[in-house]
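**Q** Chains as they are written, first to last, in numbering that gives the first Met the number 0: chain P, 0 to 305; chain A, 0 to 95.
Please keep in mind that the hints were generated in silico from the structure rather than gathered at the bench. There may be inaccurate statements among the hints.
As the list claims (entries may be wrong) - With beta-carbon atoms standing in for the labels, derived distance ranges: (1) P:G10 - A:L74: 20 to 28 Å; (2) P:D39 - A:N86: 48 to 56 Å; (3) P:E177 - A:Q39: 22 to 30 Å.
Where a beta carbon is used, it is the ideal one built from N, C-alpha and C, also for glycine.
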Amino acid sequence: MAYTDYYKILGISKTASEEDIKKAYRKLARKLHPDLNPNDKEANKKFQQINEANEVLSDPEKRKKYDQYGEDWKNAEQFEKARQSGGGQRTQSENPFADFGGGSDFGGNEFGGGQYSDFFEQMFGSGARNTQTRSTKFRGQDYQASLSLSLRDAAKTHTQTLTVNEKNIRITIPAGVEDGQVIRLKNHGAPGANGGPNGDLYITFRIQPDPDFKRVANDLYITLNIDLYTAVLGGDVMVDGLDGKIKLKVNPETQNGTRTRLKGKGFPVYKKEGAFGDLYVTYHILIPQHLTPQQKDLFNELSKMK
Amino acid sequence: MSDEEIISLELFCSHYQVEQEFLETLESHGLISISYREDQRFILREEMAELEKYSRMYYELSINVPGIEALNHLLEKIKRLQQEEENLRARLRIYE
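Excised from the complex, chain A in its bound form (with noise of 0.2 Å):
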């Protein structure tokens, strides 16, 4: 894994001013993975748009963790639903 591909944990909290505890959390319930080197701890930059969506639900909505993961099992589910009807209206326009 590449030094492009990771960002320190520590830098992501003192940036976004989110404690290491919440980020440690989100890894328990599984909605992030924390990578380990050297002592250092990272998380992924690919990752990073999911956790900043989660870093807003839980400082500015005021949504606990477990609330976050049952958001999140229900946003895939919308996003999924809504691409299987945008297939369908697809498929639709064809006889239309």
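Chain P with its partners taken away, still in its complex shape (with noise of 0.2 Å):
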């Protein structure tokens, strides 16, 4: 493993002031910061590189361990190695690495270890990142999922637990959510990286068919199949509604494909507590079939009345 010459990634003399410090950093971020380089792997890889550098001296405690070793960073490793075996003379707060090594909370490789070089991980160890002096953070990648409902499922408010990269996330669905409808989920994709936010989950919905209702925006359309004798005389028929059954009044001479509309009885509106689009019902008159010799005479009988 190379020793890394952070002040030279950083255009710099050894005794660069903190502000000289800085200035570099940020001249170099505005050429090489991957917002202004896509799709740029080399820029993006000397970007690393640069933060790395300003992450090491632009925190007065790690520069002062960083110079005191310099090249010679091997032999930290060693007199490491001595300290721990009860060899060292140093008391604990002259250890240079005391205030160093695993334990930070932002320790692990869940941002990706390969942002920092080996030299940085042997030096400081993974727990060393400073969040403070990481100034660029990245949002985690938006996730995008699909989940498939049936009509009447997404006429009710109900959980769902999906999966989603191995996790499990219980969400709640209003009802009324309409087919190619897409909600976020905040904080539920793909965790971000240098302590930046987690990316959102979208959902879309796909709201299936149903055999029985078709539904255009928040009112619903059915088609009933109503016999002769009641569509000429009138009378009382049930219709199936999303909650059960509605009572519904026939009139008397009621024509085949006449629609009637049945106020509040159709899909509920989605996060509006209470209110629901309408319900249309179209009459399909039924033709009586395989009519008995007393019933065709009757029909004839009444053909000659018109």
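Please assemble the complex out of the two chains, which come individually in their own frames, going by the hints.
**A** Below, the structure is given as structure tokens:
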């Protein structure tokens, strides 16, 4: 593993002030920042290097230790071993690594250990990443998912558990959700980098067609078969609504294809408690089949009367 | 425009710790659009990624809004040229 010259990376001298470091970093960041260099792997790699250099040199403690060991950084490791075995003469407070090492709540590889060189990890430990000095935060990637629902399920507020990237997410689906509607679950996307926020999860709802109901916005349409006699003479029929049977009065002399509206018996309006669309019922009159001779006679009689 | 397509400007500002004035300046330079509904201001969800990018440029790289605008033009141009290069390379491969 090669020694990394952070001063060289930032193009500054070893006597550079904090302000000089800040300026140099900012200047290079403007040149190499991933936002300004899309699809440029080389620039991204260099950006990581300047980030790392800034992380060390802008932190007085880290800089002190880095300067102390410099190119002899491997000796730091030997010193550390000696200290741990009790051979060291320094007190704990003098130990150049006492403040570092694992245990930081920012430790682990959650944000991609690859962003720091092996040199950095070896010298400061993976827990040494300082969130305060790392200015560039990247929001995690957004995830997209789709969820298929029956029309009847979409009419009720209910909860479902989704598994996204091996993680179970329990969501409440409000009644009235539409086909193609997208909802966003904040922070349920990919983890952010450098302490940036997680991405979001976008769920697209797919509402399956229903064999009985046709939905247009919040209105529902249904076709109801009624017999000829009810159509001619009028009467009561039962129609299926989303919440059960609804009694419907058929007017005498109802024509085939007549449509009637049942106000407020349609689909629930999304996120509007107690608001519903309408239910439209279209009558389909069934002509009697397999008539008996007597029925035929009666129809003949009727036809002569017109 | 449904609720899922927009996010309250105030919410965005508090979450990302940016000033509303910054967003207003971005809007005045035509970099984002702010929509209004019943005295409330919203930004489009589809513009969030760009807005985050502009915030990083402004707060982390100290690039002012006119600079962001100029960079945006150049980045768009780079994107077009990269696409064009890619298309030309694909066409060249046919003759190789």
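**Q** Each hint should be assessed against the structure and marked as holding or not.
**A** Cross-check of the supplied hints:
Here the CB-CB span from G10 of chain P to L74 of chain A is close to 25 Å, well matched to the stated 20 to 28 Å. A beta carbon spacing of about 19 Å between D39 of chain P and N86 of chain A contradicts the range 48 to 56 Å that was offered as a hint. Against the hinted window of 22 to 30 Å, the Cβ-Cβ separation of E177 of chain P and Q39 of chain A comes to about 23 Å, which satisfies the hint.
In this structure, only the earlier hint numbered 2 is contradicted, and the remaining ones agree with it.
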